[in-house]
Amino acid sequence: MNHLLELRGLHKSFARTEALRGVSLDVQPGEVVAVTGASGSGKSTLLHCAAGVLVPEAGSVTFAGQRLHELDESARTRLRRREIGLVLQFGQLVPELTAAQNAALPLLLDGTDRRTARTAALAWLERLGVAEVADQVPAELSGGESQRVAVARALVTGPRLVCADEPTGALDTVAGEVVLTALLAAVRDAHTSLLVVTHDNRVAARADREVVLRDGSVASGQPAVAS
Amino acid sequence: MTALALALGSYRTGGRARALAIAACTAVVTGLLLVAVSVVGYTAVDGVEQTMPDGSTVFIGYGGDVANLLWDRGVRPGYFFALLLICLVPLTLLQQVVRLGTAARERRLAALRLAGATPGEVRAIGAWEVGLPALAGGVLGLPVHLVLRTLFGADATLSWVGDRDVARELRLVPAAYPAWWQVLLVVLAVGLLGVLVGALASRKVVVSPLGVSRGARRTPPRGWLPGLLLAAGIFLAGPVYLPFFERGWAQLGLMLGITLLVLGVLTSGPWVAYRAGRALAGRTSSPALLLASRWLVMDARAAGRAAAAIGVIALVSGAAASLMADLLVNARSNGHGVEAMYSVPMALVYAVLLVALVVATFALVVHGVESLTDRRRSLASLAAEGVPLEVLERAVRWEVALAAVPISVLALVGAGAVGAVTLFGDPVVLLVDLALRAATLGLIWLALLASTRLVRPWLRRAVDPTNLRTT
Amino acid sequence: MSVAHALLGVLAEGAAHGYDLKRVHDERFPGAKPLAFGQVYAALARMEKDGLVEVAETLRDGGPERTTYAITPLGRDELDTWLATAERAGPYPADDLVRKTVTALRLGADAGGFLARQRAVHLAAMKHQLQLQDSTTDTAARIVIDHTVSHLDAELRWLESAAARVAEAGRAPV
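Chains as they are written, first to last, in this note's numbering: chain D, 38 to 264; chain F, 21 to 491; chain H, -3 to 170.
Just so you know, these hints were derived from the structure itself, not from any lab. Beta carbons: idealized from backbone N, C-alpha and C, even for Gly. Hints should not be assumed to be uniformly reliable.
To be verified - Selected chain F positions facing chain D (in silico; Cβ < 10 Å):
1) R127
2) L134
3) A137
4) T138
5) S228
6) G434
7) A458
Said to hold, decoys possible - Derived pair list, reagent style DMTMM-like, types lysine to aspartate or glutamate, alpha-carbon separation capped at 20 Å:
8) H/K123 - D/E110
9) H/K123 - H/D149
10) H/K96 - H/D149
11) F/K224 - D/D109
12) F/K224 - D/E110
Work out the full structure, taking the sequences as your base and the hints as a guide.
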């Protein structure tokens, strides 16, 4: 089977804790996979490794045939900003930039001219229902609006994979639902894969597949649905 | 060019004070460097004659009506070297000023990394943020040089100085301007320095887009590098040259020794602060002292660096005290007063030291403001739990005191140890020497008090209960 | 009695006959078991006897007889009293899920596997509810689904902590 993302035997430790102890996981093109588990089970570390933000000490991360863990920081970053969108729990927007500038940032960093980048960013903000706050800075946005801007930024380059770490974790149920619905509709439309770390059962229920982590290893996971 | 655009964007929001302070520091550095460059290019006339009213010419002395420091070929290299050392004053402030708004900047740069900026791009943004104001400061250094030249130029009238000899010794800046390419070189060098400092300041963020884990335990500063520098400095600056003092290489060695000593004190700041924190953390039952010493144990670098400037001031002041005592010994033995040739440079040294102490106080203030901003959450929760503001204020004062006082005492004693041997013969001079050292320590203590008094508004802001909700 | 009260709530917005009552009621509670006609008519008959509703008119245009019911002032009082009274919070009976989990844990027989299977079923049920919720724009209907989803969520959380406690007990010797 042709996997978009292939994680094999990942190990990663921090100061005194072993966050990942040999985790393997595949994500198919267009698949939505939820990673759940108690706090400290290694969910976020797994996501960061998958997105190429962290490099595991052992094991391999293969994204679209490229061995991510063997690339250097700059090469990984460049790949990430084109092919992998990232949504965190909160606070990932650049505080000095407006919502539209934040959403346009990955395109600008990739050398797109300002006008084109802004048009694309505005289109995404529109789709996610936050067009009216395009010229406001993050401090003026509500939590739900910030997260939708973050989703717009993650999707603006048309990535093949979006990695989301508790995207609704800091939001109440209703605001969380708005963000989640927008995120899912967007990735399903674009046939983008989504790897989402969550402790919100509502998020897990909407995924195609759930992978449960316990103490840094996969405790259980439904088999991949052939798509 | 995105990096440049983003760097420019940062001046709009909060980065303006930082940019202005950087430009001010680098302007002073540039002005001093331009003076130093013109000193190198200075060619003295050895014999100077004056035309008398009757038309005859009379030999009036060597070097003309300018400072001995300038015309005497023997001490000119030392003067040049001293000018470079004085550059350290604005440079140590620059080091602190670059820290202004660190928490917000690191958050912003980490957010940029997360959005897909490569380490190189983030480093470029950080470099531009300091490099551009530094370059602007370099250009502003031209008027600074002009002002120095107008006030202390070799052709200045100095009519406000009563004494003719003193006025002469104050004509310290050569009248000729440095060549255009020298000016260009200095300005570019200062700009480049800014770029380097900026790149260094953003290096922590470059590593991880997930942000700098603040408060995480860092490796403690180690003492071997400053120890090595100090040992080499003491060896090279020591009395080994006395027999060869007329030789050029001996002077060079002495300057190298002094440079190593200064670098040694500068780099040992964090280590001394860390040891002082370690020594007290387990032994004190005062909550303020416990807080202060644990702050130093967890991260002594920032406080240590700010305090190291004070250490250098103590070192120079200690050496000046020995020199002063030596001058007094000579003056007492030959019955004349101290000549202007010596007294004016000494007075200048003390003037520079006083300015340096004021600047160092501001460096401590900058450090205080930044660390209070970093710790606002924990400070706010301490205040919320009922810790009186006075205790927190005392902790802030203890932190800088623990960082600055031990290194200052060591520097003062160390600098005097060599000179003191010659002083035992004359109790009066010994007393003067000790008094000068004690006065230095007293002034340093005042500077510490002033700096903590100045950061009090920021402490009040840090304990505001709204900070309990910020992350 | 609460089905009757819900029907009273529908009638409070205007008179309706039995078929309309059932339809509106079922629309208000999507995802819940639809009312049987017999249930509706039994409730109406009882409420008429108690004086809570009255027959507004009886139509007969060729087809079967259609009786339209309207709420009485007494019925309105009853409805207001019902709305003003808070529902009791539990006690929740130990249902089959709890019985099975506790039994599995007591026996020590693959309790973890049971919990994982149960989680999959609950997640599937929740997914169904969420899809239902996505397909409707009616606020009241979405609120009703929220109730079901919240219960499923509570049970999922309970299953998670049960799984964690089982794992914890397995790790540390008692």
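Right, here's what the structure says about each hint:
The restraint placing F/R127 at the interface with chain D holds, with a minimum CB-CB distance near 7 Å, inside the 10 Å limit. Here the hint on F/L134 is kept, as its CB sits about 5 Å from the closest CB of chain D, short of 10 Å. Checking F/A137 against chain D: minimum C-beta separation of about 5 Å stays under 10 Å; hint holds. Residue-level restraint check for F/T138 holds (minimum Cβ-Cβ distance to chain D is 4 Å; threshold 10 Å).
For F/S228, the interface hint holds, since its Cβ comes within 10 Å of a Cβ in chain D; the closest pair sits about 8 Å apart. A least Cβ separation of about 38 Å between F/G434 and chain D goes past the 10 Å threshold, and the interface hint is therefore violated. Contact between F/A458 and chain D, as hinted, is not supported at the beta carbon level, the nearest pair being about 46 Å apart and thus beyond 10 Å. Restraint check for H/K123 and D/E110: not satisfied, since their Cα atoms lie roughly 39 Å apart, outside the 20 Å limit.
Simply put, H/K123 and H/D149 have alpha-carbon atoms about 11 Å apart, close enough for the 20 Å limit, and the pair holds. With a C-alpha separation of about 19 Å, the suggested pairing of H/K96 with H/D149 holds against the 20 Å cut-off. Distance restraint check for F/K224 and D/D109: the Cα-Cα separation of roughly 17 Å lies within the 20 Å cut-off, and the hinted pair is therefore satisfied. For the proposed pair F/K224 and D/E110, the alpha carbon gap of about 14 Å is at most 20 Å, so the pair holds.
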